[in-house]
Structure formats: structure tokens, C-alpha cells
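*Asks:* Using the sequences and the hints, build the whole thing.
Number of protein chains: 2
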Amino acid sequence: MELKLKELEGGITEPMGFRATGVSGGLKDGGYKDIGLLVSRKPCTTACLFTKNKVKAAPVALDISRSDNLISAIIANSGNANCLTGTTGDNDALTMADRVEELLSFEKGSVMVASTGVIGRKLIMNRVNYGIDKICTLIKTENNYKNFSNAIMTTDKKMKNAAYEFELDGKTVRIGGTAKGAGMIKPVLEAPHATMLVFLTTDALISGDMLKLALKDAVDISFNRISVDNDTSTNDSVFLMANGIAENHLIDADGDNFKIFREALTKVCQSLARMIVKDGEGASKFINITINSAATVSDAEKAARAIGDSFLVKTAIFGQNPNWGRILAALGYSDAKFDLSQLTLRINDLVIYEKGDVNKANESLAAGELLSPEISITLDLAAGKKEYFLWTSDLTCDYVKINANYLS
Amino acid sequence: MELKLKELEGGITEPMGFRATGVSGGLKDGGYKDIGLLVSRKPCTTACLFTKNKVKAAPVALDISRSDNLISAIIANSGNANCLTGTTGDNDALTMADRVEELLSFEKGSVMVASTGVIGRKLIMNRVNYGIDKICTLIKTENNYKNFSNAIMTTDKKMKNAAYEFELDGKTVRIGGTAKGAGMIKPVLEAPHATMLVFLTTDALISGDMLKLALKDAVDISFNRISVDNDTSTNDSVFLMANGIAENHLIDADGDNFKIFREALTKVCQSLARMIVKDGEGASKFINITINSAATVSDAEKAARAIGDSFLVKTAIFGQNPNWGRILAALGYSDAKFDLSQLTLRINDLVIYEKGDVNKANESLAAGELLSPEISITLDLAAGKKEYFLWTSDLTCDYVKINANYLS
Chain H
1 MELKLKELEG GITEPMGFRA TGVSGGLKDG GYKDIGLLVS RKPCTTACLF
51 TKNKVKAAPV ALDISRSDNL ISAIIANSGN ANCLTGTTGD NDALTMADRV
101 EELLSFEKGS VMVASTGVIG RKLIMNRVNY GIDKICTLIK TENNYKNFSN
151 AIMTTDKKMK NAAYEFELDG KTVRIGGTAK GAGMIKPVLE APHATMLVFL
201 TTDALISGDM LKLALKDAVD ISFNRISVDN DTSTNDSVFL MANGIAENHL
251 IDADGDNFKI FREALTKVCQ SLARMIVKDG EGASKFINIT INSAATVSDA
301 EKAARAIGDS FLVKTAIFGQ NPNWGRILAA LGYSDAKFDL SQLTLRINDL
351 VIYEKGDVNK ANESLAAGEL LSPEISITLD LAAGKKEYFL WTSDLTCDYV
401 KINANYLS
Chain E
1 MELKLKELEG GITEPMGFRA TGVSGGLKDG GYKDIGLLVS RKPCTTACLF
51 TKNKVKAAPV ALDISRSDNL ISAIIANSGN ANCLTGTTGD NDALTMADRV
101 EELLSFEKGS VMVASTGVIG RKLIMNRVNY GIDKICTLIK TENNYKNFSN
151 AIMTTDKKMK NAAYEFELDG KTVRIGGTAK GAGMIKPVLE APHATMLVFL
201 TTDALISGDM LKLALKDAVD ISFNRISVDN DTSTNDSVFL MANGIAENHL
251 IDADGDNFKI FREALTKVCQ SLARMIVKDG EGASKFINIT INSAATVSDA
301 EKAARAIGDS FLVKTAIFGQ NPNWGRILAA LGYSDAKFDL SQLTLRINDL
351 VIYEKGDVNK ANESLAAGEL LSPEISITLD LAAGKKEYFL WTSDLTCDYV
401 KINANYLS
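Chains H and E supply the protein sequences, listed in that same order.
Residue numbering for the first sequence follows the numbering used here, beginning at 1 and increasing consecutively.
Residue numbering for the second sequence follows the numbering used here, beginning at 1 and increasing consecutively.
Bear in mind the hints are in silico, worked out from the structure with no lab data behind them.
Some hints here could point you the wrong way.
Intra- or inter-copy, both count: the list cannot distinguish identical chains.
What the hints assert, rightly or not - Calculated pairs, BS3-like style, for lysine-lysine (alpha carbon to alpha carbon, straight line, at most 27 Å):
hint, residue 1, residue 2
1, K52, K302
2, K401, K157
3, K401, K278
4, K401, K158
5, K6, K212
6, K355, K54
7, K122, K337
8, K54, K337
9, K52, K385
10, K122, K355
11, K52, K355
12, K360, K122
13, K171, K6
14, K278, K267
15, K337, K302
16, K360, K54
17, K401, K360
18, K385, K54
19, K212, K267
20, K302, K54
*Replies:* Below you can see the structure in the form of C-alpha cells.
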């Protein structure tokens with residue numbers, strides 16, 4: 001098995017048979033795009049992962065009820081999460097799907113809905129309907145993945161797109177993706193956390209079961225490994241649509257072709273996950289926390305999350321302040337097993353603490369390392385052989401300002 | 001049983017037989033007080049609770065080894081936590097205790113040590129010793145609880161003192177206390193979390209077992225109910241010294257006198273706990289979260305902590321922004337059982353959400369309520385009869401600035 005991945009310019013419309021665009025329906029002030037539509041010319045086998053938050057937005061509940069259907073389109077909006085909106089909200093989500101099905105002559109039950117924005121406000125449906133009417137006409141002549149990516153942004157500063165191409169049995173196959181998400185980011189999709197919305201497309205031919213398995217595996221080492229602010233959103237969703245137009249040999253069991261597909265999918269997911277952390281609300285640093293030599297994977301994860309979620313570690317990194325004691329203090333309350341006299345702490349490549357003592361020379365160099373926009377914190381717990389990594393961002397004044405004011 | 005509590009001006013030196021003061025040893029820049037000494041003229045039955053963090057500072061380890069001893073004094077320093085300092089740190093903590101024992105002719109093993117400040121730096125012992133020599137002379141002529149309170153402050157803006165007087169069998173008994181702590185506050189003392197240091201004194205006559213029980217009960221509904229930033233410190237300690245000089249009937253079993261003592265102690269602890277939250281690093285609001293009608297106490301605590309620790313709830317309150325959806329989103333990921341169609345959410349006395357829908361009229365009034373420096377968030381989960389409360393603060397730009405710069 002050999003995977004030759006070719007990175008493509010573009011995103012969700014790189015795989016054959018997909019079209020997408022975005023319009024303004026007036027849900028956001030200022031005429032920004034806030035309605036996005038993604039369609040496939042062939043109904044798609046679809047795998048989805050949704051938030052584990054028990055307060056689930058109306059569109060999430062609708063999509064869950066459709067998760068075994070063949071899906072032709074996803075209608076998305078920003079500016080309003082349609083969450084904690086009661087039965088009105090449920091009806092509104094259904095109306096959005098119904099309207100797209102009618103206007104574009106799709107099967108009943110073949111459209112999913114994704115919403116992001118403020119919680120607890122009912123959608124202004126005349127604006128939503130206006131936007132849907134507009135976009136269902138426009139999609140026939142315009143195919144622009146950037147307009148879709150733009151339409152799903154909330155506090156995001158940048159669009160997030162990725163696409164790769166590879167071969168399966170001599171056939172060229174593509175996977176594309178786009179994501180939004182900057183705050184409320186700690187996806188727990190039946191394992192992730194955030195308001196993170198991720199749309200993935202592929203023209204590969206693959207069975208529903210194998211598509212679900214590939215998505216679960218890819219998400220587990222991408223979107224499930226990021227945390228901006230440890231708040232798990234009510235609306236997190238990852239959609240993966242596969243229309244089979246590439247006409248490769250159907251992937252319906254484990255094997256080389258499945259592994260190749262999964263690896264390519266993981267690459268797309270990790271690219272988007274890194275973009276989300278880098279664009280984290282107010283973030284000035286990307287922090288890669290790696291825990292090695294743990295007794296169990298769960299221990300390694302506990303240590304990584306305690307450090308990655310610590311207000312004090314995150315503010316120290318923002319301050320470019322090598323206060324490594326805070327890292328070990330977070331480890332100390334993490335419940336992970338470790339041997340303080342044998343563990344090793346590194347910041348980037350500098351050993352800061354080992355054999356029960358600080359390395360004074362490297363400590364003074366660490367401040368220089370922290371000037372870099374990407375920081376790695378590596379801890380060897382000296383307690384076993386397991387490992388875990390987590391990507392997170394620093395905690396800044398801008399984060400506080402954005403979230404003190406955000407109500408849109 | 002009736003408790004008549006009289007609030008006293010003052011703090012740890014209100015109970016008979018205690019003296020305290022503070023000096024500068026040069027551990028902090030600028031000549032600020034950084035060495036504090038608390039002594040009792042009679043050796044004290046002493047109950048202590050220490051951090052559960054597995055990384056424990058050297059003085060905490062020393063104190064734990066002395067927890068069954070009669071204690072005559074506590075020597076405290078700020079400016080350096082003496083944590084992650086290896087065997088040098090252990091020796092330094094012991095030297096501090098030894099030196100006080102010698103200079104003041106106390107029994108071996110009768111002095112405890114408390115340190116707070118930056119982690120991972122060794123104490124400059126010539127300065128510490130200089131300060132100890134100075135304070136052991138000064139304590140003979142100066143008795144000033146404020147100087148002690150000052151000497152233990154780090155990022156605290158205000159001193160925290162409380163004292164109460166009450167009657168037991170016709171004898172007057174007093175309990176006094178002082179605390180420091182503003183950040184790294186989430187005490188988990190074998191159950192609390194922070195760098196929180198709390199010193200409590202009483203002239204009551206009470207057995208060691210009953211003293212420990214009273215302290216555990218009082219801490220459980222005071223210091224264990226506060227969270228500033230969800231970081232559990234390596235140095236948290238609560239000390240309660242009882243010298244018996246009030247000559248009440250010995251409290252050595254449960255009964256009215258024990259209950260009166262415990263209630264008075266709880267009052268002192270709750271007063272100090274509230275002061276810690278109000279003086280939380282950068283805090284602009286005191287937030288009282290109350291969860292009612294939960295299925296279990298553990299559920300109620302999970303809900304309270306998810307809400308109280310949420311970056312998004314804390315920044316919304318800082319912004320005086322009634323984004324109540326964030327409160328219910330935090331509840332949603334808390335693992336607590338609730339009935340979304342029956343629960344009630346109040347901000348101060350305003351019902352914001354009930355019977356599955358927002359109260360629009362009250363929602364618009366909520367912004368006005370959030371101008372107040374004390375905010376209560378009350379959630380009725382409609383799942384049972386249990387309850388829990390938690391006191392926390394908001395998350396502000398000042399918190400980020402303080403912790404981005406703090407290395408002292």
C-alpha cells in the first residue's frame with residue numbers, strides 16, 4: 001500500500017459532481033453571506049458525527065433522524081444556531097430542508113441542515129426563505145466553494161478549505177472539505193467538541209458502513225484532538241458525502257483501498273483541524289501538546305487536556321512567559337500517573353525539566369522559543385509506552401473581548 | 001441549640017493566646033512584606049487540609065508529616081512557592097521550621113510552613129533566614145494580624161480577614177481567620193483547589209478528631225465551593241489551630257456545642273471564601289451559581305461546575321451580556337440529568353427560560369441585572385430534589401494580562 005496524495009487548490013467542489021455557493025439572506029448585519037448550499041448531482045452515501053451535548057440544536061436533531069438516508073444536499077446558515085428554540089425551531093429546520101427539496105426536485109428526506117450562530121433566538125424565517133430561494137436559483141449557474149465557506153463563518157477570520165487527490169485502482173479520486181469554527185471549540189462528536197461545522201465531500205465509491213468507519217477514525221485523530229476554549233457546542237456537526245462518481249471499485253471492506261481512502265480523509269481532516277485552532281478566537285499561538293511514555297492512552301489524554309485547558313498555561317504562552325511550573329502543576333491535578341523524578345518536559349526542542357530538576361540554561365532560552373507562532377510542549381511521563389497529542393491555542397485579551405461582546 | 005454570632009473587627013489574633021505579624025525578607029521586590037509568623041502561647045490541636053494536586057510543594061509535604069503533632073506556630077512566605085524544587089526545596093522547608101523552633105524555643109516538629117508564589121524556583125535562603133530572624137524578634141513586641149495578612153499576599157489586591165465570637169457553656173469563644181488567593185483558584189483540599197492559603201485560629205477547647213470533622217464540614221461548603229480559573233494549585237493549604245485557652249467544656253463528641261462551633265467556623269470560612277472570589281484575579285463580578293431540583297448532588301455539582309468553569313459564560317458575564325444560551329449549552333455538556341422542557345433558568349430574580357421557551361420580556365431586562373457586581377444564576381433541573389451551589393468570578397482582560405505577565 002502506497003499513498004500518493006496530491007494537494008489541490010480548492011475545497012468541497014473538487015470531487016466530481018458537487019456544486020456549492022453562498023448568498024446573503026439578511027441573517028447577519030452588513031450584507032455578509034449567511035446561507036450556503038452544497039449539492040451533489042448523485043444522491044450520496046453519507047456519514048455524520050454530531051455533538052454529544054445533550055442540548056442539541058434543531059437542525060442536529062433533524063439530521064440525526066435522516067442519518068440513514070441518501071443525501072443530495074446540505075443547506076447551511078450562519079448568524080443563528082437555531083438552538084433552544086422549542087418546537088418552532090424544529091419546524092423551521094424542517095422548512096429549510098423541505099424548501100430545498102421542492103425547489104431542486106430532490107427526494108423527500110434527502111436534505112440535511114446545519115446552523116451556527118447565537119443560541120436561543122428563533123430564526124427570522126422570511127429572511128431564511130428569501131435566501132433559500134435565491135441560492136436554489138443561483139446554484140444552477142454558480143459553483144463557488146469560497147462563497148459557501150464564507151457563508152458559514154461566524155467569528156472566523158479566515159476561510160478553511162482543503163482538497164486532495166489520489167488513485168484507487170487506477171481511478172482518480174478526490175476528497176474536499178471546508179470547516180468553520182473559532183470559539184466554543186472542544187468538539188465531542190460522539191466523541192468531538194465546539195461550534196464547529198465541517199463539510200466533507202468525495203467522489204469515491206464506498207459503502208455506508210466503511211464511510212462511517214473511515215470518518216470515525218479520521219475524526220478521532222483530527223477534530224477530536226483540538227480544543228480552543230473547552231466549551232462543547234450544541235451544534236457541532238461533521239458531514240461526509242460520497243457520491244461514487246469516480247467509479248473506483250466499491251470499497252465495502254477493510255483492505256488497502258480502504259486504508260488509502262482513510263489516510264487521505266485523515267489528511268483533509270487534520271489540515272482543517274489545524275486551521276480551526278490557528279483561527280481560534282483571539283489566538284496568537286498554535287500549541288501542540290504531546291504526551292509520551294504514559295501508562296495508558298487515557299492517562300496521556302488526561303494529561304494533555306489538563307495542560308491544554310489550563311487558563312494559566314494558556315495565558316503564560318500568550319505572554320511568551322516560560323512559566324513551566326504551571327505545566328507541571330496542571331499535570332499534577334490531571335489524574336494521570338507520572339514519575340516526577342524521571343519525567344522530561346520539553347518546550348520545542350529544549351529540555352526544561354528532567355530527573356527531578358529544572359535545566360537552568362534551557363529555561364532562560366525558552367523565552368526565545370516562545371516568540372514562535374507554533375509552540376510544542378512535550379512531556380515524557382516515564383510511566384509506560386502510550387501517547388496522545390492535542391492541538392490548542394493560547395488565551396488572549398482578544399478572546400475575552402470577542403466573547404464579552406458576541407451576541408450575533 | 002441557638003447560635004448568637006458576634007462579628008469582630010480583626011482576624012487570626014482575636015482568639016486568646018495568638019500573636020502574628022509580618023516583615024519583608026526581600027523575597028518580593030519593592031520591600032513588600034513576604035514573611036509572616038503566627039504563634040500560639042499554648043501548643044495547638046491542629047487540623048489541616050492540603051491540595052490534592054499530585055505535584056505537592058515542599059512545605060505541604062513537610063506539614064503532612066506533622067499533621068498529628070501539636071503545633072505552636074506557622075511560618076509563611078510569599079514570592080516563592082518552593083514547589084518543584086527537589087530535595088533542596090525539602091531541606092529549605094525544614095530549615096524554615098527548624099529555625100523558628102530554635103529561635104522561639106518551640107518543641108521539635110511543632111512548626112508548620114506555608115509558601116506561595118512562583119513555582120520551580122529555589123528559595124533564596126539567606127533572605128528567608130534574615131526574615132525569620134527579624135520576625136522571631138519582632139513577634140515578642142508586635143502583634144498585628146494585618147501585617148501577617150499582608151505578608152502572604154501575591155496577586156491579591158485586598159487583605160482577607162474575618163473573626164467571630166460566640167458562647168459555649170457560658171464561656172466566650174472566638175474563631176479568627178485570614179486567607180490569600182486570587183488566581184490558580186480551584187481548591188481541591190482532599191477535597192479543595194488554588195494557591196489558596198487559609199489560616200484559622202480558635203481558643204476553643206476541642207479534640208483533634210472533632211476539630212478535623214468541623215474543618216472538613218466547613219470547608220466543604222466554603223472553600224470547596226469556589227472556583228476562579230479551574231487551576232488546582234500545588235500549595236493549597238488550610239490550617240486550623242485550636243489552643244483551648246477559652247476553657248469551655250472539651251468538645252469531644254457530636255452534640256450542640258460541636259454544632260455551634262462548626263456553624264461559627266463555617267461562617268468564618270464562607271466569609272473568607274467570598275472574599276477570595278471577589279478578589280479573584282481581574283474579577284469584576286461575583287457569580288453565585290445555584291442548582292436546584294437535581295437527581296443527585298453529584299449531578300448538581302457537575303452542572304454548577306460546567307457553568308462556572310465555562311470560558312463563554314464567564315466572558316458573557318464580564319461583558320454584561322445576557323447570553324443565557326451559553327449557560328444551557330454548558331449544562332448540556334455537563335453530564336447532569338435535566339429535563340429541558342421543564343427546567344427553569346433565573347438570572348437574579350428574573351425567569352429567563354422555562355417550560356422549554358425563553359421569556360422574552362425578562363430576557364431584555366436581564367442586561368440591566370448584569371450591571372450589578374453580584375450575579376446569581378439559578379437553575380432548576382426538574383430532575384429531583386438535590387442541590388449545590390458554587391461561587392465563581394467572571395473572566396476578564398485583566399485576568400489574561402495578570403497571568404500573561406506573572407512570574408513572581
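*Asks:* So, for every hint listed, does it hold in this structure?
*Replies:* Taking the hints in turn, this is what the structure says about them:
1. K52 with K302: Close inside one copy (19 Å) and across copies (16 Å); limit 27 Å.
2. K401 with K157: both (15 Å within a copy, 23 Å between copies)
3. K401 with K278: both (18 Å within a copy, 21 Å between copies)
4. K401 with K158: Both ways: K401 and K158 sit 19 Å apart in one copy and 26 Å across, limit 27 Å.
5. K6 with K212: This pair counts as within: shortest intra-copy Cα distance 24 Å, inter-copy 67 Å.
6. K355 with K54: Between. Shortest inter-copy distance 17 Å satisfies the 27 Å Cα cut-off; intra-copy 44 Å does not.
7. K122 with K337: Classified as between: cross-chain Cα gap 25 Å, same-chain 47 Å, threshold 27 Å.
8. K54 with K337: Answer is between; shortest inter-copy Cα gap is 9 Å, intra-copy 31 Å.
9. K52 with K385: between (30 Å within a copy, 26 Å between copies)
10. K122 with K355: between (58 Å within a copy, 16 Å between copies)
11. K52 with K355: between (41 Å within a copy, 23 Å between copies)
12. K360 with K122: between (57 Å within a copy, 11 Å between copies)
13. K171 with K6: within (14 Å within a copy, 85 Å between copies)
14. K278 with K267: Intra 17 Å, inter 47 Å, cutoff 27 Å: intra-copy only.
15. K337 with K302: This pair counts as both: shortest intra-copy Cα distance 10 Å, inter-copy 24 Å.
16. K360 with K54: between (48 Å within a copy, 23 Å between copies)
17. K401 with K360: Answer is between; shortest inter-copy Cα gap is 26 Å, intra-copy 36 Å.
18. K385 with K54: between (35 Å within a copy, 21 Å between copies)
19. K212 with K267: within (16 Å within a copy, 56 Å between copies)
20. K302 with K54: both (22 Å within a copy, 14 Å between copies)
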